[in-house]
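Counting from 58, one number per residue, gives the positions in the sequence shown under the numbering used here.
Bear in mind the hints are in silico, worked out from the structure with no lab data behind them.
Check before you lean on any hint, since a few could be wrong.
[Unchecked claim] Ranges between beta-carbon positions, derived for each pair:
(1) 261 x 308: 30 to 36 Å
(2) 250 x 213: 33 to 39 Å
(3) 242 x 288: 35 to 41 Å
(4) 82 x 62: 31 to 37 Å
(5) 316 x 98: 53 to 59 Å
[To be verified] Think about it this way: if two alpha-carbon atoms lie no more than 20 Å apart in a straight line, the pair counts; the simulated SDA-like pairs of lysine to any residue are:
(6) 152 x 84
(7) 316 x 250
(8) 163 x 65
(9) 69 x 132
(10) 90 x 70
(11) 163 x 205
(12) 163 x 69
(13) 70 x 345
(14) 216 x 189
(15) 216 x 190
(16) 81 x 327
(17) 316 x 99
(18) 81 x 365
(19) 90 x 79
(20) 163 x 204
(21) 81 x 166
(22) 154 x 170
(23) 316 x 265
(24) 81 x 69
(25) 334 x 65
The structure presented is a predicted model; accordingly, all values stated were derived computationally and were not measured.
Glycine included, each C-beta is placed from N, C-alpha and C at the ideal position.
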Amino acid sequence: MSFERLVEDIRKKQNPTVAGLDPKLDYIPDYIKDIAFDRYGRTLDGAAEALFQFNKGLIDSLCDIVPAVKPQAAYYEMYGWQGVRTLERTIAYAKEKGMFVITDGKRNDIGATMQAYAAAHLGVTDVAGESVAAFGADALTVNGYLGTDGIKPLLEICKADDKGIFVLVKTSNPSSGELQDRILDDGKTVYRTMGNMCEQWGSIDVGESGYSCVGAVVGATYSAQLGELRGALPHTFFLVPGYGAQGGGAADVAPAFDKMGRGAIINSSRGIMCAWKKEGCAPEEYADAARREAIRMRNEIMGFIGEII
Numbered sequence: 058m059s060f061e062r063l064v065e066d067i068r069k070k071q072n073p074t075v076a077g078l079d080p081k082l083d084y085i086p087d088y089i090k091d092i093a094f095d096r097y098g099r100t101l102d103g104a105a106e107a108l109f110q111f112n113k114g115l116i117d118s119l120c121d122i123v124p125a126v127k128p129q130a131a132y133y134e135m136y137g138w139q140g141v142r143t144l145e146r147t148i149a150y151a152k153e154k155g156m157f158v159i160t161d162g163k164r165n166d167i168g169a170t171m172q173a174y175a176a177a178h179l180g181v182t183d184v185a186g187e188s189v190a191a192f193g194a195d196a197l198t199v200n201g202y203l204g205t206d207g208i209k210p211l212l213e214i215c216k217a218d219d220k221g222i223f224v225l226v227k228t229s230n231p232s233s234g235e236l237q238d239r240i241l242d243d244g245k246t247v248y249r250t251m252g253n254m255c256e257q258w259g260s261i262d263v264g265e266s267g268y269s270c271v272g273a274v275v276g277a278t279y280s281a282q283l284g285e286l287r288g289a290l291p292h293t294f295f296l297v298p299g300y301g302a303q304g305g306g307a308a309d310v311a312p313a314f315d316k317m318g319r320g321a322i323i324n325s326s327r328g329i330m331c332a333w334k335k336e337g338c339a340p341e342e343y344a345d346a347a348r349r350e351a352i353r354m355r356n357e358i359m360g361f362i363g364e365i366i
């Protein structure tokens with residue numbers, strides 16, 4: 058049960074946060090880019106190498122205080138196969154450092170295609186009788202709006218291989234309400250209905266913590282809905298984007314947690330990656346600045362939720 062490991066590491070570190078690794082070349086100090094470009098040129102190879110070295114510095118600085126990282130696949134795919142290789146290298150490096158890895162891919166399909174996505178990101182691929190992990194993340198974000206057909210292939214791998222998924226429920230973007238807030242014939246909103254489906258899907262695998270292998274993405278920018286869903290979905294662990302750069306604060310995310318301080322992990326991407334720019338410190342201190350911001354974020358959130366039991 059994948060989220061059992063995450064819940065326990067959050068408790069040990071007393072830190073319910075995840076660092077989003079969504080790197081762009083603009084975020085990376087020039088000295089890192091210069092080394093990569095000197096070796097590989099101003100090519101996709103050079104860009105991918107710069108991304109990886111930037112990520113390594115962040116992971117090294119954060120791994121003892123932050124339980125998880127969340128690389129967003131699009132920021133790697135934009136650099137071609139070289140960038141995708143950096144995604145795989147980043148996942149492997151973070152796991153070597155003991156971090157829980159959530160791949161933010163928002164995958165969505167059915168049948169054999171979803172089985173392929175599941176094998177690629179969470180499971181193993183059969184290569185002439187040998188089972189090989191392609192990416193090997195611990196969890197994957199998915200879009201559940203194709204219904205059970207798009208989730209069932211993932212559940213099989215989650216249960217068999219100790220993995221987890223986070224299903225989009227109430228997202229942090231401003232226009233999310235155009236669909237997610239609509240009222241269905243039974244009087245429930247679309248997001249509440251999707252949340253209820255997460256509870257149902259996750260019932261196959263509930264751990265000692267009370268949380269299942271099926272989590273939900275619920276945005277920090279909708280604090281009231283966070284509280285509503287926390288009360289309605291007692292077995293669903295939340296991934297909460299929207300903290301920091303998108304406007305969510307510690308008070309906004311506090312309703313995501315249960316009475317034991319469990320039940321959610323809060324994401325910050327640009328706030329941590331670009332802390333060195335906000336501080337105005339030397340580029341060589343980017344990883345130290347990220348650590349300082351991660352500690353500040355942890356302390357701010359812990360000030361609202363108290364000890365995690």
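(request) Check each numbered hint against the structure and report the violated ones by number, ascending. (result) Of the numbered hints given earlier, those the structure breaks are 2, 3, 6, 7, 8, 9, 10, 12, 17, 18, 21, 22, 24 and 25, listed in rising order.
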